[in-house]
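K.L.:
Chains as they are written, first to last, in full-length UniProt numbering: chain A, 1 to 374; chain B, 1 to 665; chain C, 1 to 148.
For the record, the hints were derived by calculation from the structure and aren't laboratory data.
Where is the CB? At the ideal position from N, CA and C, for every residue including glycine.
Warning: the hint list may mix true and false statements.
[Claimed, not checked] Here's a subset of chain B near chain C, in silico, CB distances under 10 Å, partners left out: (1) Trp235; (2) Phe342; (3) Thr359; (4) Val367; (5) Pro387; (6) Leu392; (7) Gly475; (8) Ile521; (9) Lys573; (10) Thr583; (11) Pro605; (12) Trp623; (13) Ile624; (14) Ile627.
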Amino acid sequence: MLLWIAFSLMTGAAILAVLWPLRTGAAVPAASTAEADLAVYRDQLAEIERDRASGLIAPAEGEAARTEVARRILRVSAERGREGASSGDDRRRRIVAVVALLGVPLLAGGLYLSLGSPLTPPQPLAQRLEAQPDPSDIAILIRKVESHLEANPNDGRGYEVVAPIYARIGRLDDAARAWANAIRLLGPNAQRETGLGEALTARAGGVVTGEAKSAFQAALAADPNDPKAQYFLGLAAEQDGQTAEAAQRWSALVAASPPDAPWLGLVGAALTRIGAPVPAPASGPGAADVAAAQSLTPEQRDAMVRGMVERLEARLAQEGGDIEGWLRLMRAWTVLGQQDKAKTAAGQARTHFASDSGALGRIDALAQELGLGS
Amino acid sequence: MNPEIGHYALVLSLAVALLMTVIPAWGARTGDAALMRVGSTLALVLAGFVGLSFATLVVAYVQSDFSVLNVVENSHSAKPLLYRITGTWGNHEGSMLLWVLVLAIFAALVALFGANLPARLKANVLAVQGSVATAFLLFILFTSNPFTRVIPPPAEGQDLNPILQDIGLAIHPPLLYLGYVGFSITFAFAVAALIEGRIDAAWARWVRPWALTAWAFLTLGIAMGSYWAYYELGWGGWWFWDPVENASLMPWFAGTALIHSAVVMEKRDALKVWTVLLAILAFSLSLLGTFLVRSGVLTSVHTFATDPSRGVFILAILVFFIGGSLALYALRAPMLRQGGLFAPVSREGALVLNNLLLTAASAAVLVGTLYPLALEAYNGAKITVGPPYFNLTVGALMLPVAFAMPFGPLLAWKRGDLAGAAQRLMAAFGAAIVIAALAAYAQGGGPVLAPFGMGLAAFVVIGAMAEVIERAGFGRVPRATAFARLRGLPRSVFGGALAHAGVGVCLFGIIAETSWNAERIAGVKVGGSFEVGGYELTLDRLEPRNGPNYRDLVGVFTVRRGGVEMGTIESAKRLFTARNMPTTESGIRTMWFSQLYVSLGDELPGGGVGVRAYWKPFVTLIWIGSIIMALGGALSLSDRRLRVGAPKPAKKPKVRPDPAAVPAE
Amino acid sequence: MTRKGRRLLVISCAAGVLFVAAGLVLFALNDTIVFFRSPSEIAAEGTRPGTRLRLGGLVKDGSVQHTDGTHVRFVVTDGGADMGVTYVGLLPDLFREGQGVIAEGVLAPDGSFTADSVLAKHDETYMPKEVADALKKQGVWKEGEGTP
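Isolated chain A (complex conformation) (with noise of 0.2 Å):
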């Protein structure tokens, strides 16, 4: 409401601008020209008879310099009272007037509408850091858990909480820092352990490095079940060329599980990925429903497209620079059966490229092809 004050006030004083002027009572006559270029020539003869006086000047020469300026003098007065300065009609100035009342408000309002965003409210850094948290501004979350961990470097808690959500979109290295650090402060347990190995092999791009390696090695000594520890020591040896070891770790761990584990396609798609035989779950239900968890069931691949795609939104949300990013989320959105979310994506991405018109093109052709409007 105070902003739509503030809008018409300035409106208001920018019309008054145009009306102020125009009023009878301000009828000063105007400097003609003839005028103010009399007033030019005559301190000019001032001056040359200042400089005469004072001997900087010869006197022939200021004599000449006299004649030149007296002449232009006689020019313009010759010239003087042709113009009629009328000091205004009033036909034209209610043109004028009506331009600038209808004008002004129509041409910056209509304008303003379609280019601002009058619903933003200004967000400053620090009144973000100090509001209650806002449980869908994850940056600002991230941020505040910073500048709590900045004051109390010491509150392991802090990191171990912090450390998924920075796994989660995308920034491993603060996410393994995060882990270290939690493991530093508050002890190893398998939890911090292969959350750290995890980062590690992320950041190396699937890679299961020596760092990786042992903390899962030390995850395994706090906890001999962990199933994510024994998934990529499997994969570490499975990296490494040793298949048998590779083998041996996943069987162990297909045999330890339960049958409705989450992790037992993944797992058997590995097994069968280096040849070796896919052994039955714990309470060993038959070979079919591992042949099913080999190929995942439709829900279960739709539900792993779509924690992808989710992720893919959280980025976004962190750093909306990435154009690629949007059209792939709208597609996504679109081929998982959520038009209201693609549409919302391509909204923000509209907002967030505002001002780059290639890009706002594209936006644009995508939402057209998928059907949803622009």
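With the hints as your guide, set chains B and C onto chain A.
P.N.:
Relative to the frame of chain A, chains B and C by itself:
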């Protein structure tokens, strides 16, 4: 403050600028005083709204409001406050907003201080200024809007290019813009006069203060930019003939020509057609510079964004204003009345020579800057026109200017006495020879031309003083009278002499630096030494240091001369963590007017570090000279003659020209 | 002197100055321009040694060798051909392997390139325009990919 206030103020500015283009022009056409008056209030309101808009953006930067896209892209909450503020104009959108702000401020100044102007001229000037503002506001709103919002806002910005994170950036662009955009006023005066079809000596008097203001700011801006590049880029060079530097130099040449030819026009009513053309050219070259920098046609340090749609938009603005004004000029100029006559050897003649050489230099720079573009468009060949071209052409054109400079003010108007002027310059000439001889002796076997250059520079400085001494009459009249006359001299005489002396000082610095600088590149280990320009530098230690948003590797050097310790120099390699981008923070030690300049290179595999060191004799005179020039401009500006009071339409006794004083020529 | 004569004299002086200036510009342009070439262009055209050039391309990965404090050797490539460059001096701040670079200098008789100045990009998003064009020609870099 809500960024939307700034956004609305910007939109409203467009509406106001449109009205400002139309209403006063209509008033001037119909002779309607009320409509003409509207121009002044609109100019003030326009400056207010653009200022409000700019202030809002600054606040968004200071508060790190990351819901504004422009802040996200160019700021970072860890940046020191000063650089958060200067970051506002360290990017494309913000700098365009600053451009328009300066434009609006100049229009408002005309509205405020233009009481002595004829109403019709003033109205037309404001209308032209309004049209330029309209074009650039459209450009900002539709291609480079700084108020685009981001939802949801990120928690951190993407920092500002570290090269631009410097105090030099805080002052250099605003000064440069005050100069660049200041010429919009002289442009507006020229177009307004052409529209009216009436240009006379009084016009020159009205234009001169504006041209001088713009020129002084441009001079300062160029000097600041040069010093910034000198210490921030770490190459030890103070002028690179970078397209952006050229873009500021071209209007400077044209503007320098303009302030001189305006004098002729004011005094003798001559060179009118030419002066008006220069007023148009100075701003056209400013626009061209803006186009080159903003469109990304030429890449350089200063190119923030390369977006073709922006380039096309600015090109359209360029074509409209330059083409339009030149067409109007072609249409109206032949109708202007010829002015006073003069002999080739006269004050006017000297100023014509100065104008020719300055415009030729401006054209040479223009050719060198645009030739690669033209050639590539023509046959695809990629070439570079480098410093050798510019040094040769501009150098060859400026030397005669420097040599002729002391003569000009000593020549009389209309018909001068060259031999007499030369005679009065004998003392200056003698002093110059002495200095050249001293320089030749001091340098031993250095460049042959250097002593001549030093002599020329000394001639310019001393010759500039000769005018003041001559006009006061020292040596011809009793000393007391001479002193009395000296006090009575108009300030513009002192201003002119000071500016000319500044040129000499600057020239002195340029010639000394280019002829006698010493450069040394070496790999140094801690404890090791090397020699440059007679100074021995020892690397005492290399130490890491942490700044607010960067890490430094600092090399501390001890300077000795002949075994005597003279102090230390610290030079650093700085890594900005947000962008993982290194910069060089050169270490500079000033001794009198000379400088020792040390920049660090990479750490070497075997330990130690690469070092580049320069000895730059008299280098600071380059910038001191430029500041003296600008001060000269300011002094001239303060001359009361440029502030002729408002014409009083009241019945004042008309000065009757003495009939006897109007003989036929 | 008559009115006309004076004006003629002033105008002819002006024409003289402009004529000299134009001559100067043409002379300087002829003598001082430097062509830009990519390694493949040099290989294809057989450019003569001793020619002053601006060589542009990417710094080949693993090719930078510091021989002593200030002598550097590196290889510039555009994907089609390679060219060895020797340079004495400090490399610019943003000189990195795999990044765009422009070296100005002279082609040596042995087919290598002796640079007297080396320019790198100014920030992490800027690729010298000439280099980008040359790489596009070789198909190494495509528009919109950003800096490789």
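K.L.:
Which of the listed hints are broken here?
P.N.:
Of the numbered hints, 7, 12, 13, 14 do not hold.
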